[in-house]
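Taken in order, these protein sequences are the chains called A and B.
Each residue of the first sequence is one higher than the one before, counting from 1 in full-length UniProt numbering.
Each residue of the second sequence is one higher than the one before, counting from 1 in full-length UniProt numbering.
A couple of the hints might just be wrong.
To be verified - List time: in silico BS3-like cross-link candidates among lysine-lysine, alpha-carbon distance up to 30 Å:
no.: 1; chain 1: B; residue 1: K54; chain 2: A; residue 2: K572
no.: 2; chain 1: B; residue 1: K56; chain 2: A; residue 2: K591
no.: 3; chain 1: B; residue 1: K113; chain 2: B; residue 2: K86
Hints in this document: simulated from the structure, not taken from any laboratory.
Owing to the predicted nature of the structure, the values given are computational and were not obtained by experimental measurement.
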Amino acid sequence: MEFKKNVLEQASHITDGCMGHEDAFCTAACPMHTDVKKYIAQIGKGDYEGALKTIREKLFLPNTLGRICAHPCETDCRRNSEFGQPLSVAGLKRFAAERADRKELWEDSVGEPTGKRVAVIGAGPAGAQAAIDLRKAGHEVVIYDKLHVVGGMMRVGIPEYRLPREVIDFEYSYLVDLGVEFKMGIEIGKDVTFSQLREDYDSVIVANGAHKGTIPPVPGKDAEGVFNAVDYLKDISLTHKFPKAGKKIAVIGGGDVAMDCARSSWRIGAEEVLLISLEELESLPASQEEIDESQEEDVQFINGWGTDEILKNKAGKVKGLRLKKVLSVFDENGRFAPEFSEETQEVKIDTVVFATGQQVEDITDGQLEQKGGGRYVTDPDTLATNLPDVFAAGDASGGAIVVQAMALGRKAAASADRFMKEKDLAEGRNFKLEYSFETRLDVPLPKGTENLPRTSGNHRSAKERKRDFKAFDLGYTDEQAQKEASRCLQCECKLCMTECLMMNDYGECPQDIFGEFLEKGEIDPIIPYSCNMCGGCTHVCPNDFKIGETFMGMRKDFILHNDGKSPMEGHKAIEMHQKLGFSKIFCTKVKGVR
Amino acid sequence: MTEKMGFMPGCSLPSYTPEGVKKTMEYLKQIYPDLGGVQKCCGKGTKALGQEEKFKERFAGLQKDIDDVGIETMIVACQNCYKTIKETSDHTDVESLWTLLPKIGLPEEVRGKAKDSDVVFGIHDSCSTRYEKEIQDGIRWIMSELGYRVEETEHSRENARCCGFGGMIVPANPDLATRVMQRRADDFESDHVVVYCAACRSSMMKVGKKAFHILDLLWGPVVYDDAPAPEDVLSSPAKSWINRYKSKNAVKQVVKA
């Protein structure tokens with residue numbers, strides 16, 4: 001039977017706008033779309049294994065990310081936007097991993113062999129994720145890395161006190177379980193040429209990371225005792241030492257890498273550590289946690305100053321810095337263009353570390369086009385390069401944080417898989433879902449929501465931790481994790497579903513019911529005839545959707561197609577009831593007179 | 001008030017309590033000596049089934065009756081009648097009994113009569129008038145004038161939940177209707193619930209609440225905790241129709257008295 005246009009229009013208005021299935025802020029913000037709400041609820045119920053399994057549906061390194069993820073989920077968390085106190089999503093993830101992760105739970109099945117072979121350059125998060133996905137699709141995968149250890153920048157960029165190395169090794173053993181082959185200590189471009197690799201494999205994923213440190217062109221940069229953050233952190237990561245460093249160390253930069261350099265400096269024996277940034281303290285790009293932890297460790301912040309000159313002694317060694325006062329960092333168009341005043345100051349130091357950006361080194365002998373920062377030029381949707389069999393991911397294609405690198409690795413793998421199967425790279429893909437997106441969820445705070453403070457974790461005392469490389473954060477106790485999990489607002493709409501019993505019998509939200517109606521072009525009359533027409537749904541709907549009215553429209557159409565009668569058997573009694581209600585026996589009209 | 005007033009009991013109320021209809025009209029007649037009366041269905045049930053054409057026809061019949069007896073403002077005690085006339089009639093004004101009583105006051109003899117009652121009533125607001133604050137205020141005013149204590153719930157007033165009777169779902173999906181009734185009943189801590197729709201009363205009775213129509217409290221004996229609620233008359237079609245017939249006669253009698 002056909003429904004009237006207005007009914008169809010109302011139904012599609014509801015289907016299009018209903019937020020019932022809209023992702024929560026955390027899940028939408030996570031480029032890997034981890035089901036945060038679900039695993040936090042599981043932790044809250046004490047189901048740690050369930051939580052771990054939920055995390056592992058999307059992430060192969062829950063413990064690693066639980067410690068070092070830059071957590072865009074927390075930035076977008078409703079408790080952050082409302083109260084500035086986001087859920088400790090990462091902390092809870094680590095907790096689940098620590099309590100429940102074990103190899104027996106890992107899903108290590110792989111697809112039917114395809115006979116295709118893929119080379120992945122780089123054993124960082126992008127390369128590893130790409131390798132996992134390709135291996136699961138049945139391809140043979142070989143990872144090449146110039147380092148002898150896995151993890152990429154997580155291993156040689158992120159300090160050990162934030163990410164213990166055994167955590168990386170344990171979580172990476174998953175790749176071995178899947179049958180990914182590792183060729184470590186092999187540098188593409190030196191030990192094996194990029195062209196050779198392309199000849200030997202059906203497809204190549206370039207995920208070599210941004211391992212080239214930079215030093216800005218300041219006077220005195222050739223002095224002895226000037227280093228870049230990449231080399232500094234790498235050596236410290238691999239050896240716990242940096243013999244060329246002195247005792248008074250200045251780190252230049254305001255991001256997380258700068259904080260890592262400053263904090264690492266204590267751990268190799270520095271006596272004084274300065275952190276000098278162009279930005280003022282309140283607008284530092286580093287995460288608040290890293291800023292707080294650096295300050296706890298007595299890193300001396302000099303914010304709002306730039307390097308005018310590196311001062312050296314007669315022997316050519318660093319003896320100090322002349323700094324100039326920053327007037328502004330960005331120009332009116334928001335571009336990086338620092339302006340300085342005449343005001344200067346000098347600081348006495350013997351070592352300078354620049355944490356002011358790092359670049360991707362070309363390993364393709366110029367076969368791939370590069371842009372700013374050495375990033376390879378790619379199609380942002382598919383990560384395809386100018387070579388049909390080559391895809392770039394991670395830092396190499398422009399990701400900034402680990403979880404983004406993973407999402408890019410997954411994207412590149414999906415493209416490589418399609419390329420090897422001779423399928424179109426874009427057809428049928430929803431690119432929005434392959435990275436962070438903005439959810440349409442827009443709901444009032446749940447009734448009775450209170451501003452509860454974030455549960456702080458167990459950090460070792462700054463005095464004790466700053467002299468060793470052992471983990472500084474001991475993680476949540478069971479009690480703390482439960483408490484933190486209980487703060488989750490479980491953001492969703494479905495407000496009408498808490499009011500209406502009837503719709504719960506036929507779907508999870510109006511989008512299900514009206515979507516199915518539109519798709520099939522029909523609906524079981526029991527559904528519209530089960531609506532109480534009470535208006536409770538519309539009353540609580542943030543979009544004021546006229547759900548009852550739409551069911552009413554359907555009823556009218558059923559009547560028109562059923563000779564003026566209700567299709568419901570039980571309604572025969574109502575028809576009789578109504579007939580009597582209008583009959584002379586039971587009706588009267590009387591004119592009032594004084 | 002210069003308009004010519006009339007009273008219309010509707011369907012469920014006259015089927016439930018001819019006595020309540022009669023006493024209400026007698027009191028209104030004291031205030032408006034030329035009070036008219038119409039007993040007929042407003043057609044809400046027909047409309048709810050989706051029978052648009054039949055509804056138009058039936059409402060036209062009601063409108064004709066109202067016009068025939070010269071009623072300009074119709075007083076109603078049913079929220080569906082209130083809404084239907086308000087939305088459908090182009091010239092008859094409608095006033096809820098529950099907003100009228102606070103204006104004209106209650107009879108002296110009932111004021112404060114229940115001040116010693118040990119009952120705390122939960123108030124079940126009608127979902128069809130969830131946005132009619134004045135009607136809801138009127139109910140609370142009447143309860144307070146009578147001397148009864150009431151309890152508000154999370155689902156009072158505009159947050160009211162359906163009693164389970166709405167939308168003609170009882171005959172269409174009886175199991176669901178029972179669940180809706182039970183859920184509504186569970187909104188109240190008190191065993192005693194006051195309603196201002198006779199159909200809502202029947203719903204609440206079906207799931208074990210001691211439900212009273214506000215007219216029971218207005219005209220009937222003072223309710224104490226141990227007293228049973230009146231019978232669920234609407235569950236018996238025979239008794240309902242007999243009552244409806246009695247109410248019809250009451251309308252005639254009172255107007256002509």
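Practice task
Check each numbered hint from earlier against the structure, then list the numbers of those it violates in ascending order.
Solution key: Hint 3 is the one this structure does not satisfy, whereas the remaining hints hold.
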